[in-house]
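These protein sequence lines map, in sequence, to chains A and B. My numbering applies: residue 17 is where the first sequence begins, and numbers increase by one. My numbering applies: residue 17 is where the second sequence begins, and numbers increase by one.
Honestly, the hints are just simulated from the structure, not real lab data. No false leads were slipped in.
Below 25 Å or equal to it, Euclidean Cα-Cα: the simulated DSS-like pairs (lysine-lysine) are:
1. Lys178/A / Lys87/B
2. Lys87/B / Lys21/A
3. Lys94/A / Lys220/A
4. Lys178/B / Lys87/A
5. Lys87/A / Lys22/B
6. Lys201/A / Lys21/A
7. Lys180/B / Lys164/A
8. Lys87/B / Lys75/A
9. Lys225/A / Lys96/A
Protein chains: 2
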Amino acid sequence: MRKNKKAVIMFSGGLDSTAALCWALNEGYECRAITVSYGQKHIREKKSAHKIAKLLGVKLFDLAIDLPWLKSSSLIDKNKKIPNFKVSKINGKTIPSTYVPGRNLIFTAIGVSLADSIGANTVVLGPNIVDYSGYPDCRPAFYNALEKAVNYGTEIGSSGGKIKLLTPLIRMSKADIVRLAIKLKAPLKYTWSCYSGLKRPCGKCDSCKLRAKGFALAGIKDPSLLG
Amino acid sequence: MRKNKKAVIMFSGGLDSTAALCWALNEGYECRAITVSYGQKHIREKKSAHKIAKLLGVKLFDLAIDLPWLKSSSLIDKNKKIPNFKVSKINGKTIPSTYVPGRNLIFTAIGVSLADSIGANTVVLGPNIVDYSGYPDCRPAFYNALEKAVNYGTEIGSSGGKIKLLTPLIRMSKADIVRLAIKLKAPLKYTWSCYSGLKRPCGKCDSCKLRAKGFALAGIKDPSLLG
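Start from the sequences, fold in the hints, and give me the full structure.
Right under this line is the structure:
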């Protein structure tokens, strides 16, 4: 099968997925991006996704899914407070209340659906297991197993081709991600990481803190509103 | 971890998923069902899903996803004709135009999301590889690989529990499915299989033909409008 350079990328408009998108463009992939509303408090990130996709000349699909049971997550239920601290480590026993059940599985499935529709052999995703929030669906073992399933369950995978799930940031520290993004001239100014749902980054949630730590360790001033 | 009997079932209102739902209820599972609009021409099946779920006393989540690229499928694009014949066999080289890229991956992901939210250890699905349309995402290898991924990527799976993907019909013939449904007193009268999008079953599409063959071989008159 002809190797092509089309890629689908799941793109939130945050620091990580912006770095991943710039990485994919730099690798020569022709990218289609997908952003998804799923009830997240920080719907503000979509504005960033649109702005950045436009700046980079990448076609963006803007989707919405309404899964009423996701209110179990503090990232979605307005009556649940976003925790202001890191509650878990890699393979730690506590999964934070911001975990959204099945989110990365659904996101990857949606990306694979587009890839299988347009004949793209690559789906790029931005998960990370170093400076991360302890979500089980960010682990390499998850994506490795899922890639196998994807290739049994798609037209590309069952016709002699292969869909690769690429997670270029998965073993990088947040500081490394910041350095990569700067090197690739990613428009970090427009990225959005805060979970709080406020109009400006809160600086207190897990996501703001991990971001600040990344910029600090990289010795770079955050050009966004948080910096 | 305590073994529970909660199950999530992906439920279209067709013959197969109705048989699978009755199977799960008969096995003692407390079921939550999910039906999904994804642009299918035969949106009429949702009426069946609601009717049957109500009859069986099963809570039904009615979801909609809008994935614009799915117009590659004749099951969705009104300008593409549903083929009136079976165009492929198991592991055959031709995948029919009614294939919806990534559909069963997305459906399973949605079911897993609900399962992981409510602490259900089981997701029941109705795919079948005997009298089927040649879709790659109906194969046992796909579900086996996906179950592994699911257990890396969920709270249940990463906390010492396990989510099982059960496909009770996967190796049954359509006649066997009809017999099972009759044995379990499934309300087959209300099930809907036709792909055409017409108000009555067309009797010509792949799905109508497989259904008719199943009833014929089981020696049972189809109690639905097709019969």
